[in-house]
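Participant: Here is what each chain is made of, one letter per residue.
Protein chains: 2
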Amino acid sequence: MHSFKDLTIQFGEHFSKEHFPKEPKKLYDAASHILNIGGKRIRPILSIMGNELFDDIHPDAFHVGTAVELFHNFTLVHDDIMDKAPLRRNQPTVHTLYGDTAAILAGDVMLIKVYEYLNKVQPHYKQKLITAFNKAAIEVCEGQQIDMDFEDMEPEQVKYDDYVKMIALKTSVLLAASLQMGAIIGGGSDYNQQHIYEFGKNIGIAFQIQDDYLDAFGDPEKFGKQQGGDILVNKKTFLLLKALELCNPAQHQKLKELLATSPDDKVNQVLELFHDCKVDAWAEKEKDRFQQLAFEHLESIAVLSSRKAPLVELANFLLNREH
Amino acid sequence: MHSFKDLTIQFGEHFSKEHFPKEPKKLYDAASHILNIGGKRIRPILSIMGNELFDDIHPDAFHVGTAVELFHNFTLVHDDIMDKAPLRRNQPTVHTLYGDTAAILAGDVMLIKVYEYLNKVQPHYKQKLITAFNKAAIEVCEGQQIDMDFEDMEPEQVKYDDYVKMIALKTSVLLAASLQMGAIIGGGSDYNQQHIYEFGKNIGIAFQIQDDYLDAFGDPEKFGKQQGGDILVNKKTFLLLKALELCNPAQHQKLKELLATSPDDKVNQVLELFHDCKVDAWAEKEKDRFQQLAFEHLESIAVLSSRKAPLVELANFLLNREH
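Read top to bottom, the protein sequences are chains A and B.
Quick note on numbering: my numbering labels position 214 of the first sequence as 205, and the sequence is numbered without any gaps.
Quick note on numbering: my numbering labels position 85 of the second sequence as 76, and the sequence is numbered without any gaps.
Simulated from the structure, these hints should not be mistaken for laboratory data.
Quick caveat: nothing in here was measured; it's all calculated off a predicted structure.
Don't take each hint at face value.
Identical chains blur together in the list; that is why a pair holds if it fits in one copy or across any two.
Unchecked claim - Mimicking DSS-like on lysine-lysine, the simulated pairs with C-alpha atoms at most 27 Å apart in a straight line are: (1) Lys226 - Lys17; (2) Lys226 - Lys299; (3) Lys247 - Lys111; (4) Lys117 - Lys227; (5) Lys75 - Lys16; (6) Lys75 - Lys245; (7) Lys17 - Lys75; (8) Lys111 - Lys126.
Next up, chain A with everything else stripped away, as it sits in the complex (with noise of 0.2 Å):
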């Protein structure tokens, strides 16, 4: 079995060559830049795990980590222009470099450079592949659309449950198919298969309930980022959506004021209320939950409980983390 840390060396390795050819430059600059600024490289390792949780690690789970890797960068790319995002990884995101025509076409070409890694595998599982790689991303897309649709709305209007199902679109079924498509590799049975995807599912939004937390209550100088830059721009994030839920009407009004004021101390003020309606003990009650759910998952796997180690050190690093 490999560790995390070994996978992601490994990966590093295999990733870093040239994907683009020179010309035409800026096309191909843009393209670069996104993959030249880092990141973790989560998804990929999620795919080797998933091969290597039932067998020997293949040459294709690197063709199908690439592949995954590419596309989570081609979303960044897109979302980015959607955001008008100005930074990312602190640089300047890739519309803000080359333009947005170069960035559209960037993202375009590094989605179809996702199926030239797919198109690699052996043909036994080639159909497989591409049709759960293509149900992750049809609804990564579906997912942003509805993000974007829940900016033009009041936090009010957003339950909950639709929130979480954005999220789940949005962020964690491509944690669950790059699983997934390393457990095809494997010879993972399709219950397998399916306990491997819901393990990603949930750790995903374990892990996106986690990120909220930690920007409200989080030590910033372990988080690197400013307390409450969500609270400050008003983001709809697990936290703000179920305090509007859990308040009383008072507490309500008083937030919904904050939101709309903006006033100089509005950070401290809406933790507080976040604290007073309890939203921070629930939010970590929350995360527990869904962390809960994923090893249920993982553990009706089965295989030698060994074998599951490198996922689960994974899923710790994941979701212990404090920056």
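Guided by the hints, dock chain B onto chain A, whose structure is given.
Facilitator: Chain B only, in chain A's frame:
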């Protein structure tokens, strides 16, 4: 053998089904809009004809046809965003109706759907089909980037040969690959695949020269567009770029002036200049040259000439139109 008309009806019926689910509504309304405003469906017909050139039509030709038509429509949606085009086929463009965000995502979803259809074909030629398709798909994006790069340049900075290469990438390689993919399904040899590809590519270039010619010199009543629409907006066309090469220094000066100042009778003056430097006669010859080249490639394909009849009919339809 099936005629162009037969296949248009058959494919039209096949393609007219719902391609998308209902929700998220904005995303799928945007994607459906471009499919619902019509189009000649030339590319899928080419795939089916490419198949029937070598063998009876296989259902896979309809899958591939659906894939190339979806891809073509994806490019229209994204290109219209980049060009800030308000109208397409006399209807508002997707981004005009649904905004840039939904238009980008609708294009992305259509591109993913392309591979759903390519994933349906028989395994024994799936890899070849996806390889042929992906090569063309990437070239189309490269062609669009080069076209956008040319937009930022003065007309005399764009070399005629580079313009031909750009047009080939942006518009012709997909026609070529549509035919080639049909030939793969029909069991055509690599040699025959290459010739049918070149046939499509050269027909595409000849078509574009004709399109530019008709915009300038066509009968506006038959052509259905305002005469000289390209001239009015200083569009880089085969005619303009070649005129700048063919004309003498005085004519060159005059042409540059007309582009810069856009007087009321600009169209007439530019047309007179085009005529004086014989770019109208040149365009007819140049179109014939590419058409001739295309037919030489078709000749080289080792099948009974009766099997080629529908392709000859389609080429003549495309290249002898006055409308």
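Participant: For every hint, state whether the structure bears it out.
Facilitator: Structure-based check of all given hints:
1. Lys226 - Lys17: Answer is between: at 22 Å across copies they meet the 27 Å cutoff, but 33 Å inside does not.
2. Lys226 - Lys299: neither (36 Å within a copy, 61 Å between copies)
3. Lys247 - Lys111: neither (53 Å within a copy, 51 Å between copies)
4. Lys117 - Lys227: Neither. Shortest intra-copy (39 Å) and inter-copy (44 Å) distances fail the 27 Å Cα cut-off.
5. Lys75 - Lys16: Classified as both: same-chain Cα gap 23 Å, cross-chain 23 Å, threshold 27 Å.
6. Lys75 - Lys245: Close neither inside one copy (30 Å) nor across copies (43 Å); limit 27 Å.
7. Lys17 - Lys75: Cα proximity of Lys17 and Lys75: in one copy and across copies (20 Å, 20 Å).
8. Lys111 - Lys126: Both: 19 Å inside a chain and 14 Å across chains, each within 27 Å.
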